[in-house]
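S.K.: Sequence lines, in order, name chains A and B.
Letter 93 of the first sequence, counting from 1, is numbered 93 in the numbering used here, and no numbers are missing.
Letter 25 of the second sequence, counting from 1, is numbered 25 in the numbering used here, and no numbers are missing.
Just so you know, these hints were derived from the structure itself, not from any lab.
All C-beta atoms, glycine included, are put in the ideal place defined by N, C-alpha and C.
Some clues are possibly wrong.
List of simulated lysine-lysine pairs, PhoX-like, C-alpha gap at most 20 Å [to be verified]: (1) B:28 x A:160; (2) A:110 x A:160; (3) A:160 x B:54; (4) B:12 x B:54; (5) B:12 x A:195; (6) A:110 x B:54; (7) B:110 x A:12; (8) A:110 x A:195; (9) A:54 x A:67; (10) A:12 x B:28.
Just the calculated beta-carbon pair ranges, DEER-fashion [unchecked claim]: (11) A:66 x B:39: 23 to 33 Å; (12) B:13 x A:26: 50 to 60 Å; (13) B:108 x A:191: 48 to 58 Å; (14) A:11 x B:14: 40 to 50 Å; (15) B:128 x A:123: 27 to 37 Å.
A short list of chain A residues far from chain B (calculated; beta carbon distances all over 12 Å) [claimed, not checked]: (16) 32; (17) 39; (18) 65; (19) 74; (20) 98; (21) 101; (22) 144; (23) 176; (24) 177; (25) 200; (26) 209; (27) 212; (28) 216.
There are 2 protein chains.
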Amino acid sequence: MGNEKELLNVSKATIGRLPAYHRYLQEKLAAGEKTVSSTAIAEDLHLNAVQVRKDLSAIAREAGKPKLGFAVADLIADIDRFLGYDNLNDAVLVGAGGLGSALAGYGGFKNYGLNIVAAFDADPARAGTEIGGIKVFPADELARLVRRLNVLIGIIAVPKEAAQGVADELIRGGVRAIWNFAPVHLNVPENIAVKNEDMAASLAILSKRLAEILNSEK
Amino acid sequence: MGNEKELLNVSKATIGRLPAYHRYLQEKLAAGEKTVSSTAIAEDLHLNAVQVRKDLSAIAREAGKPKLGFAVADLIADIDRFLGYDNLNDAVLVGAGGLGSALAGYGGFKNYGLNIVAAFDADPARAGTEIGGIKVFPADELARLVRRLNVLIGIIAVPKEAAQGVADELIRGGVRAIWNFAPVHLNVPENIAVKNEDMAASLAILSKRLAEILNSEK
DNA sequence: ATTTTATCGATAAAAAATTATCGAATAGGC
DNA sequence: GCCTATTCGATAATTTTTTATCGATAAAAT
């Protein structure tokens with residue numbers, strides 16, 4: 001049912017901005033606005049209007065209308081569809097410590113198409129408990145359960161020393177995508193997707209910008 | 001004491017990769033290796049060797065040596081200096097819930113030059129407690145304390161509804177950089193640096209890559 | 001001492017991403 | 001019904017980022 005257009009020509013940069021548009025559009029929807037222009041989005045989100053237009057046209061089914069802009073509800077649906085927010089992907093969470101609990105406790109992932117079905121922890125004391133309504137299993141059941149549940153996404157929230165081992169186990173269980181919160185580079189086969197949530201990198205960028213700003217003032 | 005070279009010509013993309021190099025180099029240092037080549041780094045981190053060389057030469061004081069590569073210890077020191085890992089910046093954390101506690105509990109930020117000196121929470125029950133060794137203050141003292149402590153960095157880990165208000169208060173207190181973990185776009189003056197930790201965006205990129213991989217297999 | 005080889009830095013080429021420009025379309029006011 | 005102002009989409013120009021190429025250099029091997 002051909003929507004081949006979609007899969008092509010959508011850059012990583014664009015994909016990275018789509019969630020921000022999505023949030024913005026939902027605000028507008030809640031405020032009762034029917035349409036929104038790329039100009040307005042760009043201004044509010046501090047982006048370039050052409051860029052917004054390009055991003056949106058890459059995933060929108062309906063073209064924008066001159067003088068009015070885009071239909072808010074349609075755009076939301078388009079992004080939902082494109083990013084898969086409308087059908088849940090199962091995931092497992094490894095590490096039920098501080099960060100793991102925080103991630104489990106944040107219910108919002110469901111809105112982003114992510115459904116955490118089980119958690120794991122190496123500490124036997126944590127097995128059998130629950131975090132954010134998700135059952136915690138002992139780490140040695142990881143690969144087996146992942147395989148049984150047919151889960152394709154693993155979230156790593158363990159100390160850095162343990163991260164590579166966890167990744168190996170996840171992959172052994174059949175996981176194909178890893179969201180890594182541990183501050184280490186993971187070594188994985190080519191056909192496994194890894195996204196590092198590198199807080200140090202974010203922080204580096206922030207503090208460089210801060211330095212620039214302070215610098216430009218004196 | 002001229003190192004003007006540094007501040008120029010170091011792209012955001014490069015800055016974003018430096019922390020990964022830093023971690024890698026520390027591993028090598030721990031393993032007792034004195035030198036490392038861009039080729040080796042590139043291979044292990046799955047990057048392009050020219051890119052690595054360019055990134056490193058942008059911040060390195062000593063040039064690499066043919067046939068040997070770069071001096072591990074020197075490079076680490078260079079990155080430390082460039083990213084400010086060697087002198088701590090004070091920050092406050094707003095939101096002592098799940099995510100806030102997790103961030104406070106992660107002691108590692110000190111290694112990245114960030115020193116969290118106080119936390120705040122709107123819930124009076126949390127005021128007076130500690131998270132990860134950091135005192136929690138009532139939210140209404142935010143601006144005053146930030147100003148008194150002369151803190152320039154604020155970390156927002158509150159529910160999205162509260163985030164804009166917190167940002168405003170932080171700025172009122174004199175904060176100049178905001179690390180925002182709430183899934184909203186913050187509206188701030190131009191001379192304030194904001195870095196959004198947009199997990200939805202990361203997730204979007206990860207799941208698109210996953211989809212690609214699965215797609216390429218069938 | 002000479003040759004080989006791995007690596008560097010510099011420069012050039014290619015690719016990707018952002019931004020500018022402009023004619024066409026149309027909603028809303030006159 | 002006709003202007004006017006706003007927005008769109010398409011195309012082009014620009015900028016940024018990544019990757020390729022190549023001569024020079026120095027460690028290691030012969």
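S.K.: Each of the hints needs a verdict: does it hold here or not?
M.R.: Outcome of the hint check:
Taking the CA atoms of residue 28 of chain B and residue 160 of chain A, the gap is about 16 Å. The hint holds against a cut of 20 Å. The suggested pairing of residue 110 of chain A with residue 160 of chain A is violated, with an alpha-carbon distance near 26 Å, which exceeds 20 Å. This hinted pair does not check out: residue 160 of chain A and residue 54 of chain B have alpha carbons roughly 28 Å apart, beyond 20 Å. The suggested pairing of residue 12 of chain B with residue 54 of chain B holds, with an alpha-carbon distance near 13 Å, which does not exceed 20 Å.
With a C-alpha separation of about 18 Å, the suggested pair residue 12 of chain B and residue 195 of chain A falls inside the 20 Å cut-off, and the hint holds. In summary, the hint linking residue 110 of chain A to residue 54 of chain B is not supported, as the alpha carbons are separated by about 41 Å, beyond the 20 Å threshold. Our distance criterion of 20 Å between C-alpha atoms is broken by residue 110 of chain B and residue 12 of chain A, whose separation comes to about 32 Å. Using a Cα cut-off of 20 Å, the hinted pair residue 110 of chain A and residue 195 of chain A holds, with the two alpha carbons roughly 19 Å apart.
Using a Cα cut-off of 20 Å, the hinted pair residue 54 of chain A and residue 67 of chain A holds, with the two alpha carbons roughly 17 Å apart. Among the hinted pairs, residue 12 of chain A with residue 28 of chain B is inconsistent with the structure: their alpha-carbon atoms are about 31 Å apart, more than 20 Å. Here the CB-CB span from residue 66 of chain A to residue 39 of chain B is close to 54 Å, at odds with the stated 23 to 33 Å. A C-beta distance of roughly 30 Å is found between residue 13 of chain B and residue 26 of chain A, which places it outside the suggested range of 50 to 60 Å.
Between residue 108 of chain B and residue 191 of chain A the beta carbon distance is about 31 Å. The supplied range of 48 to 58 Å is therefore violated. As the Cβ distance of residue 11 of chain A to residue 14 of chain B is approximately 20 Å, the hint placing it in 40 to 50 Å is violated. The given range of 27 to 37 Å is respected by residue 128 of chain B and residue 123 of chain A, whose C-beta atoms sit roughly 29 Å from each other. For residue 32 of chain A, the non-interface assignment is confirmed: its Cβ lies about 18 Å from the closest Cβ of chain B, beyond the 12 Å cut-off.
Distance check for residue 39 of chain A against chain B: the nearest CB is about 16 Å away, which clears 12 Å, and the non-interface claim stands. Annotated as non-interface, residue 65 of chain A keeps its C-beta farther than 12 Å from every C-beta of chain B; the closest such distance is 25 Å. Under the 12 Å C-beta cut-off, the non-interface status given to residue 74 of chain A relative to chain B holds; the minimum distance is some 19 Å. The non-interface label for residue 98 of chain A is inconsistent with chain B: the shortest C-beta to C-beta separation is roughly 4 Å, within 12 Å.
Not every CB of chain B lies more than 12 Å from the CB of residue 101 of chain A, the least distance being 6 Å, so the non-interface label is violated. Remark: the non-interface label on residue 144 of chain A is consistent with the geometry, its nearest Cβ contact in chain B lying 22 Å away (cut-off 12 Å). Separation of residue 176 of chain A from chain B is inadequate, the least Cβ-Cβ distance of about 6 Å not exceeding the 12 Å criterion. A beta-carbon of chain B is positioned within 12 Å of the beta-carbon of residue 177 of chain A; the least distance is around 4 Å.
Once the 12 Å rule is applied to beta carbons, residue 200 of chain A is inconsistent with being away from chain B; the minimum gap is 4 Å. Non-interface call for residue 209 of chain A relative to chain B: violated, since the shortest CB-CB distance, roughly 4 Å, does not exceed 12 Å. Chain B draws residue 212 of chain A into its interface by the beta-carbon criterion, the shortest separation being 8 Å against a cut-off of 12 Å. With a closest Cβ-Cβ approach of about 8 Å to chain B, residue 216 of chain A is found to fall inside the 12 Å limit, against its non-interface label.
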